[in-house]
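S.K.: Sequence:
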Amino acid sequence: MEKVKKDKMFTSVSVGAATVWFSTHCGAGFASGTQELNYFANHGWWGPFFPFLTIAIIA
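Residue numbers for the sequence shown follow this note's numbering, beginning at 1 and rising by one.
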C-alpha cells in the first residue's frame, strides 16, 4: 500500500513540474493561440512547411 501511494505522489509531482516547465517555456502566447496566429499571418501558406525545412537543414 505504501509503495502505491509513493508512486502516485511521484507521478503527480512529475506531471506538475512538467506542466510548470511547459507553461514558463512556451508562455501565454502559445496557450492563447496568439503565437500561432502571428506565425501563420506572417508566413501564410508557407508556414506549415517551414518546420520541415528547418528539420531537414538541421539533420
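Among these hints, one or two may not hold up.
Derived DEER-like restraints, expressed as beta-carbon distance ranges [what the hints assert, rightly or not]:
1) 55 - 15: 25 to 31 Å
2) 35 - 58: 17 to 23 Å
3) 14 - 48: 30 to 36 Å
4) 18 - 45: 29 to 35 Å
5) 58 - 25: 25 to 31 Å
6) 47 - 25: 32 to 38 Å
7) 45 - 13: 42 to 48 Å
8) 59 - 14: 26 to 32 Å
9) 13 - 42: 35 to 41 Å
10) 49 - 26: 38 to 44 Å
11) 12 - 51: 19 to 25 Å
12) 12 - 56: 24 to 30 Å
13) 11 - 59: 17 to 23 Å
The hints are simulated quantities; they were obtained by calculation from the structure and are not laboratory data. C-beta: ideal position from N, C-alpha, C; glycine also.
S.K.: If a hint holds in the structure, say so; if it does not, say that too.
M.R.: Evaluation of the provided hints:
1. With their beta carbons about 28 Å apart, residue 55 and residue 15 fall inside the hinted range of 25 to 31 Å.
2. Distance hint check for residue 35 and residue 58: the Cβ-Cβ separation is about 21 Å, which falls inside the suggested range of 17 to 23 Å.
3. Evaluation of the 30 to 36 Å hint for residue 14 and residue 48 yields a pass: the beta carbon distance comes to about 32 Å.
4. Between residue 18 and residue 45, the C-beta spacing of about 34 Å keeps the proposed range 29 to 35 Å intact.
5. Taking the beta carbon of each, residue 58 and residue 25 are about 19 Å apart, not inside 25 to 31 Å as hinted.
6. At roughly 21 Å, the beta-carbon separation of residue 47 and residue 25 lies outside the given 32 to 38 Å, and the hint is violated.
7. Between residue 45 and residue 13 the CB atoms are about 43 Å apart, so this pair conforms to the stated range of 42 to 48 Å.
8. Remark: the range hint 26 to 32 Å for residue 59 to residue 14 is upheld by a beta-carbon distance near 30 Å.
9. Between residue 13 and residue 42 the Cβ separation comes to about 39 Å, which falls inside the hinted range of 35 to 41 Å.
10. Taken as a hint, the range 38 to 44 Å is violated for the pair residue 49 and residue 26, whose Cβ atoms sit roughly 22 Å apart.
11. Checked against the hint of 19 to 25 Å, the pair residue 12 and residue 51 fails, with Cβ atoms roughly 32 Å apart.
12. For the pair residue 12 and residue 56, the supplied restraint of 24 to 30 Å is violated, since their beta-carbon distance comes to about 39 Å.
13. The supplied range of 17 to 23 Å is broken by residue 11 and residue 59, whose beta-carbon atoms lie about 34 Å from each other.
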